[in-house]
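Peer 1: Sequences are here, hints too, so could you generate the full structure?
For reference, the chains in residue letters:
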Amino acid sequence: MAAESELIIKNGVVFDPINGVKGEQKDICIRGGKIVDSVSNPKVIDAEGRVVMPGGVDIHAHIAGGKVNSGRLMRPEDGRKGLVPKTKVCRAQSGYSVPNTFATGYRYAMMGYTFVMEAAMPPLAARHTHEEMIDIPILDNAAMPLIDNNWMTLEYIKSGDIDLLAAYIAWMIKATKGYGVKVVNPGGTEAWAWAKNCSLHDPVPTFDVTPAEIVKGLAEAMEKYEMPHSVHVHPNMLGHPGNFEVTTATYDLVKGIRPYRDRPTMHATHTQFHSYGGSTWGDFESKAKAIAEYVNATKHMSIDIGSIILGDTTTMTADGPMEYDLYQITGRKWTNCDVELETGSGITPFLYSGKSPVNTIQWAIGQELALLIKDPWKVALTTDHPNAGPFIGYPIIISMLMSKKRRDELAAEVHKAIYDRSELPSIDREYDLNEIAIITRGMTARTLGLSEHGKGHLGVGADADIAIYDMTPEERDAGKIQKAFLNTKYTIKAGEIVVKDGEVVAAPEGRTIYVTPECDEKLNEEMLVTLKDRFDKYYSVTFNNYPVQSHYLPHPFEIKAPWRS
Amino acid sequence: MQTITLKLKDAVVSGVAKVPVEVDALTPDQLFGKNEAGIKAVKVWWGNRQEQTGDLFEVSLAGDAASADDVKLVFEGDLRRVKRIGEGMKTGEIEARGDVDMHCGAMMEGGKLVVKGSADCWAGREMRGGELVIEGDAEDNLCAMYRGEMTGMTGGKVTVFGNVGELTGQYMAGGEILIKGNAKMLAGLNMKGGKIIIEGDAKWPGADMTGGEILVKGATEMMPSFKFLETTPVDGAEYKKYLGDFAMGERKAKGTLYVR
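Heads up: the protein sequence lines correspond to chains P and Z, in order.
Last residue of the first sequence: 565 (this note's numbering), numbering continuous.
Last residue of the second sequence: 825 (this note's numbering), numbering continuous.
Derived from the structure by calculation, the hints contain no laboratory data.
Remember, predicted model here, so these are calculated numbers, not experimental data.
There may be inaccurate statements among the hints.
[Said to hold, decoys possible] List of simulated lysine-lysine pairs, DSBU-like, C-alpha gap at most 30 Å: (1) K608(Z) <-> K500(P); (2) K768(Z) <-> K806(Z); (3) K760(Z) <-> K88(P); (4) K81(P) <-> K655(Z); (5) K583(Z) <-> K333(P); (6) K22(P) <-> K299(P).
Peer 2: Written out as structure tokens, the structure reads:
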């Protein structure tokens, strides 16, 4: 759109939780892709009493990079689904749980989302991740490099050099044009290279450090900078019965750390997979209540739910041993990958069935977490796309959180274990639209530190990323709510109408947001001596060829993270 | 009975590229009730372009039909680059006069499809019901699943008068396949149900099978992971009955293989 073109959205009922706007009828003025106070000669969109929210901000999804693409390659049968021929605006779409890059952009935009965080970027495959993000239309994006199973990290954790670790983190985030510090089964993925796994206090083979030390060390090191987002943690023992104690013990690790600004010190992701009781699949039960009570009682945590969408999906994670365990259960196809001295990954398809007691309880847990954690500012809506289900299932979860009736109807259709091994049927709480706006944009933008950079709200100066849903705020019919959240009436991205009446009408390129931690030069020099030696000895890539060049980010947006004094 | 004759125009496949035509939109159930102009207006893919049937085929109609069951489609001309003949057909009859390209009878649910020549790969892919007759040979993946899927043919009957290629009936779960000639390697791979009869020779039939039945009348090169059960008569001839495939583990080895 022309830089100065103007737009006004009239008669919308606005939900903008960051600015405390809870369903007020107000006009929104847009000029040059930003929200402004007033406009003089605008194009008018009459929202006619429909629900208006800031563009959705997804805090955790796997949408780009090596393992997403491996998922597409190993699942041609998934590519058969969701086929949409090209149009004058859109390129051809395919896929359901592992959609192609184009479909990813269009479908998120159709749900009113305008920013997605790629949650796991293997540093060595950063170029591939950025290449795919270039190819994802409409969405602004960012990616978090995996730093926790890296040999350099493990060495610094062992020697206790937190300042040097901070220097290494800064170098790695800059080299990969990443956003923050992602932790996935700390130590466990390195142990998997030796066909082992680690729980929180098990020593990592050859390095003799524990996952607990890794998490704490990384959190301390990254808090040396004014980082927008906290350490983003996928704890140990994902998907194992009885793992909830490991989960809360992981949360405890960062309790004493003082965060930069008023934000949590840890974001724990896809918490559904980490809220399991029992000791086997036979006595498996929900421990969502224990996790929710922990989060309710403390101030240093934020979580996303990682809710299950019943049906077929493709699981993919850097948690290699977990994927192997899953493959042992299903006997379906499985891919395993080792990323030199950095990380690894595994991929296997999975069917979440409402006939299975275990899958049913898993399905309940995601919703229990969202309903039992009292403060929605601590909770984000995710499906850990595509691990617990594809992102196009978000509207299903929204409709369930908003309707006890819908939950009761669905509970009657799944395995009866839901009644005696989960809390869900006994929970009466229903989310209102303000709370939905919090868990899908307000909380996520704030937790990622993006709200001060114009994401997730509609205050003057914010990015003009807006979703207009085809429903009134009074709508209570779960089916209609689900439909409205699947296809917006309008999605506006940077002031441009990209979706109208559920169809993509423009597909501009999005921006990639990256963080530049600013490390003390002397510390950096000291760290580089070791790092260059490791590159010479072990890497298949030379030190100078490693960093992602700037042309991999055609539309970059930099957030500087100065050293905290 | 209504007969709709669709003769492919020579010019369509006379070019160097021989761009394929995809005719899954032309089945008795979809054409029933249409007049000549209506049929000519049905869109079909020609390479990456959608064209009208009348631009690619000479269309003629004879007789009347009370229902789609009464409709017979006849494809004529050089059909070697015509794909998806009878794909997803539910009822009625299709006759293809000549060799046909890939995916004929794929996902077919009912009715009868007769190929008066040979069929390229993926004939009867994921077939659900109905009858498919191929008077010549069939290439690889006859009645198999599509790449990556875990279920192939689930119902219906298929007869091939000639030989078949590799991976016939992969992940087959139901229905019946009769092959009068030979089968190349791995017929019934991952089979879990249904029945395959091979009157000629077969190489490694039933590998990784967990259910269903395969009977080979000719010479068989067997996988080593089958367990001999007994000698038993079938249709007046003595057969050796095996259980397998034990490569899938003892618990899952529930397939039956009869060989001479």
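Peer 1: State for each hint whether it applies.
Peer 2: Consistency of the hints with the structure:
1. Distance restraint check for K608(Z) and K500(P): the Cα-Cα separation of roughly 28 Å lies within the 30 Å cut-off, and the hinted pair is therefore satisfied.
2. Taking the CA atoms of K768(Z) and K806(Z), the gap is about 17 Å. The hint holds against a cut of 30 Å.
3. Distance check on the hinted pair: K760(Z) and K88(P) sit about 48 Å apart at the alpha-carbon level, beyond 30 Å; violated.
4. Proximity of K81(P) to K655(Z) is assessed by CA-CA distance (about 21 Å); at most 30 Å being required, the pair is judged to hold.
5. This hinted pair does not check out: K583(Z) and K333(P) have alpha carbons roughly 37 Å apart, beyond 30 Å.
6. A threshold of 30 Å between alpha carbons decides the hint, and for K22(P) with K299(P) the separation of about 24 Å falls inside it, so the pair holds.
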